[in-house]
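First to last, the protein sequences are chains Y and L.
Residue 216 in this note's numbering sits at position 216 of the first sequence, with consecutive numbering throughout.
One rule links them: number in this note's numbering = place in the second sequence (from 1) + 1000.
Bear in mind the hints are in silico, worked out from the structure with no lab data behind them.
Incorrect hints may appear among the rest.
Which chain L residues face chain Y? A few, computed with CB under 8 Å, are given here [to be verified]:
| hint | residue |
| --- | --- |
| 1 | I1009 |
| 2 | Y1010 |
| 3 | L1015 |
| 4 | P1028 |
| 5 | C1041 |
| 6 | D1065 |
| 7 | G1066 |
| 8 | C1067 |
| 9 | C1068 |
| 10 | L1098 |
Note that this is a predicted model, so its numbers are computed, not measured.
All residues carry an ideal CB built from backbone N, CA and C; glycine is no exception.
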Amino acid sequence: MNHIADLPVDLDALRKDFPILAQRVHGDWPLVYLDNAATTQRPRQVIQTLVEVYEKHYANVHRGIHWLSEQSTDLYEEARESVRRLIHAQHLEEIIFTTGATAAINLVARTWGDSCVGAGDEILLTEMEHHSNIVPWFQLAERTGCKVRFLPITDDGRLDLDRLSDYLTSKTRLFAFTAISNVLGTANPVRQLVQAAHDVGALALVDGAQSVPHMATDVQFWDADFVAFSGHKMMGPSGVGVFYGRRDLIAELPPFLGGGSMIHRVTVDGYEPADLPARFEAGTPPIVPALGLKAAIDYLERVGFATIAEHEQRLVSLAHALLEEIDGVRLLGPPPEEKAGIVSFVIDGIHAHDVAQILDRRGIAIRAGHHCAMPLHQRYGVMASNRASFYIYNTAEEVEKLALAIREVKRVFRR
Amino acid sequence: MAFSNEEEIYQEHILDHYDSPYHRGHCPHPTHVDEGDNPLCGDVVRIELRVDGEGKVEEAWFTGDGCCISQAAASMLVESIEGKPAEEVQRFSAEDMLKLFGVRLTPNRQKCCLLSWRVLQTALAAPAQGGDGDPATHEDSNG
């Protein structure tokens, strides 16, 4: 059942790498973890790496002239190189470790934003953004007087590209958009959107939090200026994320956080900031999480991003087919072939939290609520939705369990 | 297999309150009105009361939108306070509210249950002026 034909991966074997998934909950229900857009689980290989680093290699980086610190520094810089290869960045120093995608976007707003944006300028977002790609721009607007605009989405959950030219204008300084909607699952045409931004002289920031974990990434193909993503959504530890910035754009930007590491020298008269990447890595960085992220990248690359994307595509198609058969269930967003790993739905007359509660009692973990995307929910006139989100370790059987449990929800609610 | 806990929450009488609520609508000539929400889940409840000259809750109504627990709890609450002195209703504690609901809830879902209780308390503290009240304070969202 767990083995899906044609996939060059044995899911039964792969799932054994994830001890957390083998648990039974609420009595004897096998855990069905379908909340991967919120955070993913990590394999033994990643967990083992964390233990090993603490047991053998740990010291602060870029500081000590001693054996451990040199080891730790080398490993940390290897992790940076691993991320560079993963997203096909041209230069190593374009990879900045942050605490997550949120910190990466805030970094852009605080450095590039504060120094390059003024009153009358516009930041263009889309109606399908996560709060982490909305609030930093509202905060920038409070500081600079710039205006934040939202590219509308269509009823079926696509960006309304016909209206792009109304929103992307000579006033736009930055077009910041998600590669994949964390609610609708919509995969946006990243390269085309970046090109459109460049055509009007704007920069482009890609929120890759939902895309980098699930498919091959090439920031040079995208031609993106800034990219943000998180480690914990791709089998890495929480507490580490990545900010990618094109070298020529970020090399001279003022640092955001001040402290150790980010300086070239400090005197009683002032400081001189360090070059990239240290310039944006003030203080002790997330050393061990970064090494865990490298282990996660190694794992994902061994499985293969093409395999991951294809597997998730099948699960999304199966979920659509099974859920569309259930009366009163409304799927949000575009058809399955335009989605990546995420299926959100509402059930007539049953609030998402009640659905999630009943599913939880059957061992099924989904997200219910606004998924940190309140403007999107306002757009669709729903207060809350249910979201099932998949990763490589999910099985067709688990999708079938989801559909059966949704029928149970309707029974409990006498619908 | 253990369905017990959930079957406990979604009991017949709770679903009955959800499907056929008591006094869902607007109170004629309200003296006390307030509204509040739980932004985290989007539950909204508005409570409208008419307290008579003797300080007795003559009528209590609610409107709202949200999960089964928040809406059923509001229905139970307005039903239970009608005819009672406002002073007594003000002494009605969060614990009493959870007891009235009758089903054991996890802390997360207790918030749903307590929304209408919270709105009722602020409504009683702020008599309606021109039939409209201030929105209740909002809880933090974590999204």
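Tested hints:
no., hint, verdict
1, I1009, "holds (7 Å)"
2, Y1010, "holds (5 Å)"
3, L1015, "holds (6 Å)"
4, P1028, "violated (28 Å)"
5, C1041, "holds (5 Å)"
6, D1065, "holds (7 Å)"
7, G1066, "holds (6 Å)"
8, C1067, "holds (4 Å)"
9, C1068, "holds (5 Å)"
10, L1098, "violated (17 Å)"
Comparing the model with each numbered hint stated earlier shows that hints 4, 10 do not hold.
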